[in-house]
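Q: Given only the sequences and the hints, what does the whole structure look like? Please build it.
Read top to bottom, the protein sequences are chains Y and X.
In terms of my numbering, the first sequence opens at residue 1 and continues consecutively.
In terms of my numbering, the second sequence opens at residue 365 and continues consecutively.
It cannot be assumed that every hint is accurate.
[Unchecked claim] Not the full set, but computed from the structure, chain Y residues with beta-carbon under 7 Å of chain X: (1) E27; (2) E121; (3) H133.
For the record, the hints were derived by calculation from the structure and aren't laboratory data.
Note that the Cβ used here is the ideal one computed from N, Cα and C, for glycine as well.
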Amino acid sequence: MPAAPSTTVPTSPALTSAEGMGIPSLEVRDLVKVFGGGGGPGRQPEVRAVDGITFSVDEGEFFGFLGPNGAGKTTAIKIVTTLLARTSGHVRVLGHDLDTEGSAIRRLIGYTGQSAGVDGELTGRENLALMGHLYHLPTPLIRQRVDELLEVLQLTDAADRVAYTYSGGMRRRLDLGSGLVHHPRLLFLDEPTTGLDPQTRNAVWEYLRRLHRDEGITIFLTTQYMEEADQLCERLAIIDHGKLVAAGTPAQLKAEVGADAVTIRLPHDASFEATQTRALTLVQRAPGVVEASRFDEGVVARAQNGGSVLIEILRILETERIPVNEVAVAHPTLDQVFLKHTGHAMRVEEVRPASRMGWANRRR
Amino acid sequence: MSIAVPSASQTARATATALPSASHGPLFLSDVVWVCYRSLKKLSRNPFLLMFTLIMPLIWLALFSQAFGTVFSKAIPEPYNYVAVLLPGIAVMTAIQSASQSGFAMVADIDSGFMDKFFVAPIRRTAVLVGKLLADAIRMAAQAGVVLVIAYVLSLALGWKIPFATGLPGDLLIMLMAAAFGVAFAGLSNTVALRTKNTESTMMVSFTLTFPLLFLSSAMLPLAALPAWIQTFSKINPVAYVATAARSLIVSGYNWTQIGQAFLAVAILGVLLNGLAVLAFRAQGR
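A: If you want it as structure tokens, here you go:
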């Protein structure tokens with residue numbers, strides 16, 4: 001049962017949240033982060049990791065940053081979680097100022113970084129409890145909350161084993177849990193499924209969906225996977241070279257790159273040519289079809305709403321007694337969106353740079 | 365399949381928001397204690413490390429007493445065994461060794477991403493540093509204790525003349541001095557660790573300083589037996605003050621001037637090096 005988005009999605013401009021929704025959970029304006037430059041012996045070329053981005057996330061929203069490695073996703077998320085200082089720009093988190101109310105912000109947000117920040121020498125239960133203590137929750141509540149999280153994360157059986165013995169997926173779930181002990185209102189996830197196998201990835205997605213649906217928690221996620229952004233995010237922004245290049249719901253973004261492709265394959269018999277010509281004429285006239293053309297196996301039509309147009313086309317072809325071998329609808333993908341906005345295809349790198357790879361990850 | 369959230373969580377949520385947002389006073393102490401608890405728990409999960417932490421001083425004791433003992437007793441006839449002279453030096457040396465490794469845990473936490481967990485929690489960054497140092501102090505005091513206990517057992521078994529002039533209170537004072545010195549010196553390891561984020565550099569910097577500090581002091585031999593230039597250098601070497609004060613506690617008795625000087629030297633070193641560590645810690649992500 002899919003969750004109905006709890007907020008209405010603004011149509012335009014997509015980068016800022018809908019008006020009249022109260023205080024957004026996250027407000028970012030003209031955020032810039034420059035690394036390197038300056039003087040000194042270790043002088044390095046200046047890198048504008050985040051180059052003037054503006055966006056906001058509504059309360060209860062599942063928002064995502066989609067972009068390749070080095071696009072500035074991690075830098076941006078580290079700035080808004082108070083982990084990294086910014087060069088310039090304006091940031092408010094849950095109505096609090098980043099500079100003067102860092103401590104208040106930290107109390108209200110949860111963060112799960114790219115490398116699984118769990119202590120391998122502590123058990124799952126101890127990892128979670130430690131976080132509870134660092135957020136100053138009363139001990140009985142910590143006990144209760146830890147049991148509850150272990151249950152939800154399906155780690156109860158492994159709760160008293162040291163985290164070294166965990167699989168990559170278990171470690172990732174524990175990492176997620178350690179950011180949730182204090183019931184954050186806003187959860188930041190930096191590439192939560194990078195490096196996970198598809199099955200584990202699906203399990204993490206399912207858990208995130210449930211978390212968002214059942215607890216109404218606002219989630220800001222970064223990802224380099226098109227599918228992940230498409231599956232999870234109600235609204236997303238595409239980031240490349242430190243700049244936001246597009247934003248909107250996955251459907252809006254995909255609609256931008258064009259229509260669905262409806263493919264109709266016709267039987268390859270003696271009358272193929274004649275059938276194809278008749279079919280083409282009929283398909284061109286079908287309601288909703290933007291354009292139609294021949295291809296070597298039949299006819300292909302382009303339409304905004306491929307699914308319902310296909311039904312219409314099939315009905316017409318049946319009435320006209322045109323035999324059909326096979327049909328297919330292909331939707332536009334976020335890959336195409338990315339390509340359109342950046343002029344290059346998005347490359348996903350499974351191997352992370354050495355500097356990001358800690359000993360904890362190597363042991364997986 | 366939906367997961368029901370018990371109402372207890374709602375209470376937790378309410379409590380979490382009602383609590384003060386900054387960690388001062390008792391909350392700061394609580395943070396320090398939990399960080400320390402975590403470090404000690406990690407140590408206890410490493411039986412191998414724990415064993416070597418305790419075996420290391422024993423090895424130093426055996427090596428040095430055998431290597432220098434005979435020479436020493438021939439050169440400077442004293443009414444007691446060389447081990448009595450050496451004992452405080454070994455306690456300090458052990459503390460230095462542990463202090464040199466203090467930064468390793470920092471590098472490991474930064475690499476694993478665990479440090480970010482500390483940094484996004486509503487605790488003060490200094491609480492993380494102080495908690496780790498507290499765990500180090502407990503470890504180093506325990507190590508010094510082990511050195512003293514082993515020396516005591518050996519003195520009974522082998523008939524070594526070690527006076528233990530101040531008894532148990534003096535021994536506790538030696539443990540405290542060793543731990544205090546270790547914590548002070550750990551500031552260097554942590555500073556390098558935080559600035560370089562590299563285990564090798566962290567090891568090399570402390571390691572390079574360890575032996576000059578030890579041997580250009582009275583830690584291994586009485587000051588009078590050393591060349592004049594070493595005696596001069598030892599005036600600015602905190603190890604010398606700690607070793608001298610600790611040695612008096614073993615062989616003669618309480619010398620409060622020496623003890624005071626030792627703690628003052630440790631305090632100066634500690635403020636200097638840990639001040640740098642705090643700055644390096646605050647600079648993370650800045």
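Q: With reference to the structure, classify each hint as holding or not holding.
A: Evaluation of the provided hints:
no., hint, in the structure
1, E27, "violated, 19 Å"
2, E121, "holds, 4 Å"
3, H133, "holds, 4 Å"
This entry does not satisfy hint 1, going by the numbered hints stated previously; all others are met.
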